[in-house]
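Listed here are the chains, written in short residue letters.
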Amino acid sequence: MSIDKSKITVTQFVFTIVCFIESSAVLSSFSVGISGKDSWFTMIMGYLVFLILVFVISQIMRRYPDKTLIEINNEVFGNVLGRIISVFYIWFFVTLTSLNLLDTQVFASISIMTKTPPIVLMATFMVICVWALRNGISVMTRYMTVIGLLAFAITVFAFIIAFQKFHLSNLLPPMQQKPIVYVQASHIVSTIPFGEIIVFLMLTPNVSSSSKKYGRYILIGTLLGVISMLLVAIRDIGVLGETIKYFTVPSLETQRVSSISKIFSRLEVLYTIIFTALMYSKIVVLLYAATAAIAQFFKLKTYKNISLLIAALCIVYTLNLYDSGISHGLSGMLVVPFLWSFIEYILPILTLCVILIKSKFKKEGTENDAVRVNGKRGNLSLGPSLGN
Amino acid sequence: MSAKKITRRLLSVTAVVLIIAVLGGCWDKVELNAISIITGIGVDAIPDNPDLMNVTIQSANVKALSGPASGGGGGDGEAPFIINEEQSKSISEAITQIERRTSRSPFTHHNQIIVVGKDYCKNGIQSVVDTFLREDEMRVETSIVVADGTAREMLSVKTEIEKSASQWIPGMLASLNYNVGKVDVSVLDFASQILKPSGAAVIPLIKVEDTSLQKPMLKEKNAQQQEKKDEGEEKSGEEEKDEKKEAEEEKSEKKNGGEIETKTLSFVGFAVFKGPYFVGEMGVAEMKGYRWLNGDVTSTRVSLSVGSGTANVNVTNAKFKKKVRLDESGKLIADFSIIADAAVLESIGIDDTDIKRYTKVLTEVMSEQIKKEIEDCLEKAKELNADVFGFLNTLYEKHPKDYKRIEEKRDEVFKNMTLITDIKITIQDTGKLKKSILEKWWNDEH
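Respectively, the protein sequence lines represent chains G and U. So that you can map any letter, position 132 of the first sequence is 132 in the working numbering, and since no number is skipped, the others follow by simple counting. So that you can map any letter, position 173 of the second sequence is 173 in the working numbering, and since no number is skipped, the others follow by simple counting.
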């Protein structure tokens, strides 16, 4: 049972996922720095790997449609082990919130607000997120449709205006790098951002859908998001060419370079606007997941009372995560994908395996009960049953 | 309404106002009268000190631009720009040092042009490329040109029509892009080109010249000076002192934005680079071939000599095809074809009674001429060992396995490459005249 009783429509849910994925399109430098002009290919490969997670999540949600991730852990693994695993997830949600907050702050500090102190930026941003959060999940996701569609429209517009500087030859020749490069880049993409969809297991009980086809909703949302990501990647490669590997924010440079004569120029402001909106939509979902998870873990009646506290902790955590942007970048390429793989892929697969094993034993137990009932006339003997 | 509710509302409104102020960028406000808008940056070599560079910063003189005399070109008002110079190890250091003696902080977001002196290029332009790609305030799409002379001189002149070189040069390059073909090169274009397999790139070469009015006056002045020299007139000590004082005053006036001579800037070719190092030049003659080979021709005029006659033809709608392959021996062969339309603009002394024969003759001569321009340009590129046309890049993009075979010796392969050209130009019209009205005077001696 979700800690927030309000309901959201399927459209809001899907577009929340779209915004979640699109926000990562604008910060693609983790994988682009490795795969360079083949990053469009590694994106597709990463998405194909992610489909495994979609299958796993849909199977879990099919069996526990009205439960959040924390409750599922308790159900599947029992109270003790379930809570230990929930701690991993809570740490993951809080860290993800902090990392995305750091990305937002760094981007704003570099590009538009160079003199504003980072803590002021982060605090004001988090106040807005907490404000939305305290009004409930329906308010939080109310504008996701608008933001998602606007972001897609701006992506398409940006692609059109970049066409003058677009050279198809910059995409050639494809796949000339060592196989390990593609493996590494695909691994990064499958964990950042696709694997982060696991946070939506905290929101699925709030979706008002009779069919409960969560796997389909996640698939549609991520597919729309990945189309946007591919457009951005192809545009950036076509415009920047060999230099794409060297820029920290390639999309920003592409927007700076793009123009239609002198009338529409210096359009990086569009990118900045949509980036801020998308990062808000991502951080608010992550903050909700973290707050709701902690509230459920500690069996609180409501998550709203602790939202400001969690937000403050996230800010402090953000300030202490990395000592520099360089270590953040290196960590994102070399360390984080492995950590996230454990939480985003291994734990859910383990959860599903345990669910399947339990349900198999439960089924066998039920069959044995039926045999015993039929065998001994009138005597009911209840054998051991698992999974209750 | 209870006191608690009122307090809550007041706090909410205060919070909203603060959030809007912070996230709206009020903390980062920059007043217009606190910044000095840099419009051009120039870099020159210092002859006695190769470790340092002479950085020239051209800033907009807002007072002169906004005042009533700003529209006049007579020089009665202040110059529309301010020049600051500094010798330093890098452009960023120079800007920091200039900041110490100005009342406004330099603002490089609106920099229009980067001018690099030819002498500086010979040591490589790594510093310029890295600074403009790396620094957040610098924009990667800023155009870069090489000054056939010094960057300081180029940025210090006033130009006709536009107020300064930093406005003139981008305008000229944009006009050439539109009318002739792509000549404008930004820092990003240059960086992308040198990272490709051929590693070669070109940058427009611009020269400061006297205006068409000044040229006869200057000629006269030079002639007078030569006469004096020939007659062996010795200048008196006082005359020499006067001349020196005049020259110094002129220099200081120029620096302070006083009466500055109006000059013109001409596009005289391309500076060729291999990586960040300058390797040579392509003049106007080779430039034509370069544009053909790059497929950048939107429209161009070709002057033809046909026997004793001449013709001028406008070539348009050009379509290019470039195919590159390696033969079994590893020799690079490029098949290059041009299909275009042409219109006769001028025709004197060429027999045009039979229109079919006339157009055939013109087409043949035109094809030969274009082929020669292309071959001359290719020879020059081979001489400089710089594949500025991208043959090696095309081989890498279309046949990466073949490219890997010759990667180690690609320079040698480029030098020995063969170019097969196929030019098909169709004369679509002969202008408003079907044939020349001046036929009966062709053979007249005048």
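Careful: at least some of the hints might be erroneous.
Each pair of labels, with its calculated beta carbon distance range [said to hold, decoys possible]:
id, chain 1, residue 1, chain 2, residue 2, range
1, G, GLY329, U, ASP28, 22 to 32 angstroms
2, U, PRO47, G, GLY325, 38 to 48 angstroms
3, G, ALA312, U, THR7, 17 to 27 angstroms
4, U, GLU93, G, GLY329, 19 to 29 angstroms
5, G, SER341, U, PRO47, 36 to 46 angstroms
Worth flagging that the hints you see were computed from the coordinates, not collected in a lab. Backbone N, C-alpha and C fix where the C-beta goes; we use that ideal spot for every residue, glycine too.
Status of the hints after comparison with the structure:
no., hint, result
1, GLY329/G / ASP28/U: 22 to 32 angstroms, "24 angstroms, holds"
2, PRO47/U / GLY325/G: 38 to 48 angstroms, "40 angstroms, holds"
3, ALA312/G / THR7/U: 17 to 27 angstroms, "21 angstroms, holds"
4, GLU93/U / GLY329/G: 19 to 29 angstroms, "26 angstroms, holds"
5, SER341/G / PRO47/U: 36 to 46 angstroms, "59 angstroms, violated"
In terms of the numbered hints stated before, the structure departs from hint 5 and from no other.
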